[in-house]
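Trainee: This is what each chain is made of:
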Amino acid sequence: MTTTQEPQTAAVEPTRGTRFTGWAANYIDERTSISGLVKEVGRKIFPDHWSFMLGEVALYSFIVILLSGTFLTFFFQASMVPVIYDGSWVPLKGIEMSAAMDSTLNLSFDIRGGLLMRQVHHWAALLFVASIGLHMLRVFFTGAFRKPREINWIIGFVLFILAMLEGFTGYSLPDDLLSGNGLRIIDGMVKGVPIVGTWISYLVFGGEFPGTDIVGRLYTVHILLAPAILVALLGVHMLLLIVNKHTQFAGPGRTNDNVVGVPIMPVFAAKAGGFFFIIFGVIVLIASFFQINPIWVYGPYDPSPVSAGTQPDWYIGFADGALRLVPPGWEVELGVFTLSLNIMVPLLILPIFLALVAFYPFFEAWVTGDKREHHIADRPRNAPTRTAIGAAGVTFYAVLWAAASSDLIATHFKLTIEGVINACQVLLIIGPIIAYFVTKRICLALQKKDREIALHGYESGRIVRLPGGEYIEVHEQLDEYERWKLVSYSDYKPLMLRPDAKGRITFGQRLRAVASGWFFEDRIEPVTSTEIERSHSDH
Amino acid sequence: MSKKSEAPSNRKAGRRSPLATVALLTIGLLSTGGAYALFTTSATAETSAAADAQIEEGGKLFAANCATCHGMALQGTSQAPSLIGVGAAAVDFQVGTGRMPLAATGPQGEQKPVQFTAEQISALSAYVASRGTGPGIPDEKYLQGDGDAAVGAELFRINCAMCHNVAGAGGALTEGKFAPPLSGVEPAYIYEAMVTGPQNMPVFNDHNISPEDKANIITYLKFLDNTTSVGGFGLGDIGPVSEGLFIWIFGLGAIVAITVWLTAKSN
Numbered sequence: 079m080t081t082t083q084e085p086q087t088a089a090v091e092p093t094r095g096t097r098f099t100g101w102a103a104n105y106i107d108e109r110t111s112i113s114g115l116v117k118e119v120g121r122k123i124f125p126d127h128w129s130f131m132l133g134e135v136a137l138y139s140f141i142v143i144l145l146s147g148t149f150l151t152f153f154f155q156a157s158m159v160p161v162i163y164d165g166s167w168v169p170l171k172g173i174e175m176s177a178a179m180d181s182t183l184n185l186s187f188d189i190r191g192g193l194l195m196r197q198v199h200h201w202a203a204l205l206f207v208a209s210i211g212l213h214m215l216r217v218f219f220t221g222a223f224r225k226p227r228e229i230n231w232i233i234g235f236v237l238f239i240l241a242m243l244e245g246f247t248g249y250s251l252p253d254d255l256l257s258g259n260g261l262r263i264i265d266g267m268v269k270g271v272p273i274v275g276t277w278i279s280y281l282v283f284g285g286e287f288p289g290t291d292i293v294g295r296l297y298t299v300h301i302l303l304a305p306a307i308l309v310a311l312l313g314v315h316m317l318l319l320i321v322n323k324h325t326q327f328a329g330p331g332r333t334n335d336n337v338v339g340v341p342i343m344p345v346f347a348a349k350a351g352g353f354f355f356i357i358f359g360v361i362v363l364i365a366s367f368f369q370i371n372p373i374w375v376y377g378p379y380d381p382s383p384v385s386a387g388t389q390p391d392w393y394i395g396f397a398d399g400a401l402r403l404v405p406p407g408w409e410v411e412l413g414v415f416t417l418s419l420n421i422m423v424p425l426l427i428l429p430i431f432l433a434l435v436a437f438y439p440f441f442e443a444w445v446t447g448d449k450r451e452h453h454i455a456d457r458p459r460n461a462p463t464r465t466a467i468g469a470a471g472v473t474f475y476a477v478l479w480a481a482a483s484s485d486l487i488a489t490h491f492k493l494t495i496e497g498v499i500n501a502c503q504v505l506l507i508i509g510p511i512i513a514y515f516v517t518k519r520i521c522l523a524l525q526k527k528d529r530e531i532a533l534h535g536y537e538s539g540r541i542v543r544l545p546g547g548e549y550i551e552v553h554e555q556l557d558e559y560e561r562w563k564l565v566s567y568s569d570y571k572p573l574m575l576r577p578d579a580k581g582r583i584t585f586g587q588r589l590r591a592v593a594s595g596w597f598f599e600d601r602i603e604p605v606t607s608t609e610i611e612r613s614h615s616d617h
Numbered sequence: 730m731s732k733k734s735e736a737p738s739n740r741k742a743g744r745r746s747p748l749a750t751v752a753l754l755t756i757g758l759l760s761t762g763g764a765y766a767l768f769t770t771s772a773t774a775e776t777s778a779a780a781d782a783q784i785e786e787g788g789k790l791f792a793a794n795c796a797t798c799h800g801m802a803l804q805g806t807s808q809a810p811s812l813i814g815v816g817a818a819a820v821d822f823q824v825g826t827g828r829m830p831l832a833a834t835g836p837q838g839e840q841k842p843v844q845f846t847a848e849q850i851s852a853l854s855a856y857v858a859s860r861g862t863g864p865g866i867p868d869e870k871y872l873q874g875d876g877d878a879a880v881g882a883e884l885f886r887i888n889c890a891m892c893h894n895v896a897g898a899g900g901a902l903t904e905g906k907f908a909p910p911l912s913g914v915e916p917a918y919i920y921e922a923m924v925t926g927p928q929n930m931p932v933f934n935d936h937n938i939s940p941e942d943k944a945n946i947i948t949y950l951k952f953l954d955n956t957t958s959v960g961g962f963g964l965g966d967i968g969p970v971s972e973g974l975f976i977w978i979f980g981l982g983a984i985v986a987i988t989v990w991l992t993a994k995s996n
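Protein sequence lines correspond, in order, to chains V and F.
All residue numbers for the first sequence refer to our numbering, where the first residue is 79 and numbers rise by one.
All residue numbers for the second sequence refer to our numbering, where the first residue is 730 and numbers rise by one.
This is chain F alone, in the form it adopts within the complex (with noise of 0.2 Å):
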């Protein structure tokens, strides 16, 4: 098995030298922008080496991993999509939030325990970049939830909440498809959603949403989850449903019970 996996990409690296695979994928992440600044720099002639090496481990992860369903050259199957130029901020989505590899096939990938270490989920991002040029992982300073949260909170209703709720307590789609809660998810993950779009969610590239509106989103939803519900319990922040729920329940149900235990003694 292991010597399966290691064969292809043993074959891949000796076909390019080591520098064409760097040059490919500066020239993909310069194309992409400023967005991607960090990425590049840690790109530099100095940290080749240890890139080279990562990308051969991730390639092995990938073929162990990935490859049954998205093929050996990440050209797809009939089972999965192609993984060329998907960039490496969709490998750390799916991966780092356990979405992949799937554990069966379903309406769509959920939410699992992380198969992967931190390390292995990179070296799997750096292979996926490295076979085709796509969205890299978020810079740091569009993460700190730093941003202008009146303008990340009207973004989001307009362009997250019918699918996310206003609260982001997440919504139905067609067919036993949903759009997830987002109350506690990192906000690398929040970024890389919304330039990668996955599973059923519709990109939001830079030219769509740039990078700063991206992080005052996230500095809405940071906003949200660090601020303690105002005016009591939010009950599942679902609106009306649950409200009216509670009351039929809890509200008058407790008043039955009063009017049951007041007239209780004289009869």
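Bound conformation, chain V alone (with noise of 0.2 Å):
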């Protein structure tokens, strides 16, 4: 690229403005050798699909959120000495709180700009979790966890947990009724674990409930703890992006071996920049037209009024949601100790739900026993099993969070409360077995559907009456480009059992037999050459 440039340039007498750059270039490169990383980072190649986009919306609403938060940290008062307010808001004048409810307040109506940088953070917030998880569903529904982005995928999982760790932590913060009342269902939590709960909430909260160190401490988290992980994992991940490589959909000249799309410097840098530019653009216009989470209406945090229509903020509503469905009476007494199974249950299954989510490329890598190396993103279709997997999780995880707002459902709907939660438990078991069947179902159709368009064409509409009186439909066929996109995926055979250099038949085998058989049992083959060959000659 640069030689076919160089007689281009040696034409033009450079300007003041090239000369300077090329200074400063060279002052920078000579004292940190800086040329080296350009050269191979600014080679790394970007695929164009919009699919690829997604953890880029994070990456850049996270900075969104780092500018706006640093601008909140100027005001925010981390500190829950008891305070008068006698700010702007009518409704909350000479009413006491703490320090962090009424430095907040006062950055939403007496700070020139404040309200605007609340609600781009929060709005940002939002999005930055919303935008993780499309990101890792896209991930995983394209298999792009396999090898070699194993541990890139367990980083991603560690920054979604991380993330919300940062929205809990912020939402609590401003020490209104609604965040208070989060965190009191934070430390039911804590306490209804086993012996040591109570011990733990006492330590967190520095006494019983809430104390007066809980913001202080939260704040250090949210501002300190929590971002330096976040950004040394985020660094890592972008790291590990490029040392990968992206994977890229089938398509002509996109093989295992390429990556084929724009450059990052100069094309992708520019794209880059200007997009980032319009997600800031749409979460500040987000912010300035929609009103969100208002501590002027919950007013300062006290630990008798709850207010209907408390939930947490989207990303938390699965756990909220897992805390309703359990039935009424799960508590067991055990002479003086009760056993607070209500709790128990929801706070076992979460984390299993998680380490089922972090874990399923070990599992499936065990599964298919495929030690290569996969750069090509699987169509979802083409994994009928995983996909299915996926939806069954996804509804799974839907059902939790529809349950978190199963008041809100019951009276915009004319509902009962009851029914609604009656409804989604028994959703929470059905529903992910039903969209694991229907999901493999419609996978399998689909690869049918592919199989036979890639071997006969697809019906053109154009019915031709022949010679001898009989009717047929003229199927086109599919031109070589586009017959490569259906035919390319990656097939597994249920794994044959068979003993091992030691004639024996281990239990592990037998164990991953039966999950192979589990995965690959129904499965659609690739067309192959031979076979679009025949079907040719058919015609």
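Worth double-checking, as some hints may not be accurate.
Said to hold, decoys possible - Cut-off 25 Å, straight-line C-alpha distance, at most; resulting in silico cross-link-like pairs (BS3-like, lysine-lysine):
1. 449(V) to 323(V)
2. 171(V) to 870(F)
3. 492(V) to 906(F)
4. 518(V) to 563(V)
5. 122(V) to 349(V)
6. 841(F) to 906(F)
7. 492(V) to 841(F)
8. 225(V) to 122(V)
9. 323(V) to 122(V)
To be verified - Pulled a few chain F residues facing chain V out of the computed Cβ check, cut under 7 Å:
10. 949
11. 962
12. 976
Hints listed in this document are in silico derivations from the structure and should not be mistaken for laboratory results.
Quick caveat: nothing in here was measured; it's all calculated off a predicted structure.
We put the CB at the ideal spot given by N, CA and C, even for glycine.
Mind docking these for me? Both chains are given alone in their own frames, and the hints should help you get the complex.
Mentor: Shown next as structure tokens:
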């Protein structure tokens, strides 16, 4: 690239600007040897598919969060010292509240741009976690977590957990009624842990809930600890992204050994810069027009009132839903101890669910026994069992999520809250099973359709009458490029149980054979070139 | 039909002297205290004749529209509670907001277009009040919305928000019942709801929340009604659920649309 441009640049006398950038680049390179890095990173290729930009959305909304959050720290007081509010919001004048709440109200009403920054920060946080979620779904359903990207999946998963932690600690900082209620639920969950629960609660809150320490502690987590880990892991995440390269969908010229797209320098960098400002703009637009977390309506935290419609931000909703779905009476009295299964069960189910998400790549790698590197993204239909498992997981999560708003579903759709809860309880068990089978059948059907189209072309809608009087519909054949997209996917067969070198069949092998059978028993084989040739000679 | 409905009220009126009714009413109202000052002044001697006519008119309306369920003597039936002692405030609230007469039995009587004119509602209220002492129509001075909004807001959060939501957006109760949204509700109805505890709502009597504090609560609700939503559209004031749905559907939806648009041309 540089060699082809040299004659052109030589013909033109370098301007003062070009001379300066040249000098500056040279100055920096001589002192940092950065050119090697730029050469390496600058040739990083980004494929053009919209779903590959979701991670970018998360990154850019995180930058927006950092910028707006820095502004907020200039004015926020992370203290629970009681003060009397004397700001602009009339319905709270003269009310005692913590300095945290007071300063958040001042940010909202009396500091120029404060409310906009608060709303930008909060909306960006919601978008951050949402885009991470969508990004994870994309990676999962295209199989982009396969070797060599398993570690990056784990790092991404930790980033997701950290994002939720950031979100929840931020939600709790203003010390308004809603955030206090949220903390009370956390306190209740911690206290539900047998034996040590109460001790941990006292440790976290510095005494009896709510105490006077928690806002300060959460603040340290929110602005120092969690962001530091988050930024560090984000760096590793992106470094691994460069090392592993992007995946890409199958297509002409796209192989397992290359990446087709635009290089980071200069095309992608320019596009990405523009995209960052688009994301920033969308967030600011939303923050300007839509209210979020009106703490002035919630008022200062007081342990006695709980408002109707008290919910956490969306990403904690699944945990709230899990608590709501526990049937009544799940408490066992063992002498002087009460075993709160109503809290223990959700407290166990949620980490198990999250662990399944985190370790799925390793499970699938074990089932397939595939040690190859995979750089071609799967179309979800071409991995029916994985897609079905994903759909079941999404359904499970979605039911928990919906259950968190059971009261609002009841009022808005004129239902009984008991009915909504009971329906969610049933759906939590049945829903994933239905989703699994339906998705798997749909995937297989789509694969059959692809196979049909690859072999026989698609229906052109042109009806022709043959000399003998027979009517046929003419099928148009796909061109080579289009067919390539349909036929190129990796095919696995169920594992055949064979004795190992010592002539034994181990238990692990048997287990793997069962899992492999479950994964690959129902499958549509990719169209082979022989089949294509045979189908052509038929016509 | 009309004859039937007239007959019992005539008989009842015949049993008591007109002054006895007024005396009963006056005693009842005095016993409930200063909150009903306005009502007692209206029940003075010179207006007693008019009041009698109004009560008689109310009796006819009651017999025609309410007695099927509540009983001819307000004693209640298996379908509906007794109305003896519910007071004028209860009738004014239930009928004035269209909740009564019920269109159909259900988890709770819902608001619908009002069935009676203001005069008819006053007549019904007066009639029911004449049959037993109960909370009267609130004094205008408590309905002006000129109290202390901060005190009202705090009382609202402590006493009302668990069902009606901190922003008065309403909320779910058990078995399909619900606490209705409070935006745009007339001050008199807010006050009457507090003193009479309609349907599933508990009663907040004057010992529980003083008339002045009720006025403060009304002040806060009116403040919310009259203040433009700070920070943009409120998304139904139902908190994080609508915010979450909004960011997924419109926020992320818009951004995905942009990503599709950005990557569309090169393919």
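Trainee: Each hint needs a verdict: does it hold in this structure or not?
Mentor: Status of each hint after checking the structure:
With a C-alpha separation of about 18 Å, the suggested pairing of residue 449(V) with residue 323(V) holds against the 25 Å cut-off. Proximity of residue 171(V) to residue 870(F) is assessed by CA-CA distance (about 23 Å); at most 25 Å being required, the pair is judged to hold. Straight-line distance between C-alpha atoms of residue 492(V) and residue 906(F) comes to about 9 Å, which keeps the hinted pair within the 25 Å bound. Proposed proximity of residue 518(V) and residue 563(V) is supported: the alpha carbons are some 21 Å apart, at most 25 Å.
Of the supplied pair hints, the one linking residue 122(V) and residue 349(V) holds, its CA atoms being roughly 14 Å apart against a limit of 25 Å. With a C-alpha separation of about 16 Å, the suggested pairing of residue 841(F) with residue 906(F) holds against the 25 Å cut-off. At most 25 Å may separate the alpha-carbon atoms for a hinted pair to count; residue 492(V) and residue 841(F) meet this at roughly 15 Å. A distance of roughly 19 Å separates the Cα atoms of residue 225(V) and residue 122(V); the hinted pair therefore holds under the 25 Å criterion.
For the proposed pair residue 323(V) and residue 122(V), the alpha carbon gap of about 7 Å is at most 25 Å, so the pair holds. Because the closest C-beta pair between residue 949(F) and chain V is about 6 Å apart, less than 7 Å, the hint holds. This hint holds: residue 962(F) has a C-beta 5 Å from the nearest C-beta of chain V, less than the 7 Å allowed. Look at residue 976(F): its Cβ gets to within about 4 Å of chain V, closer than 7 Å, so that hint holds up.
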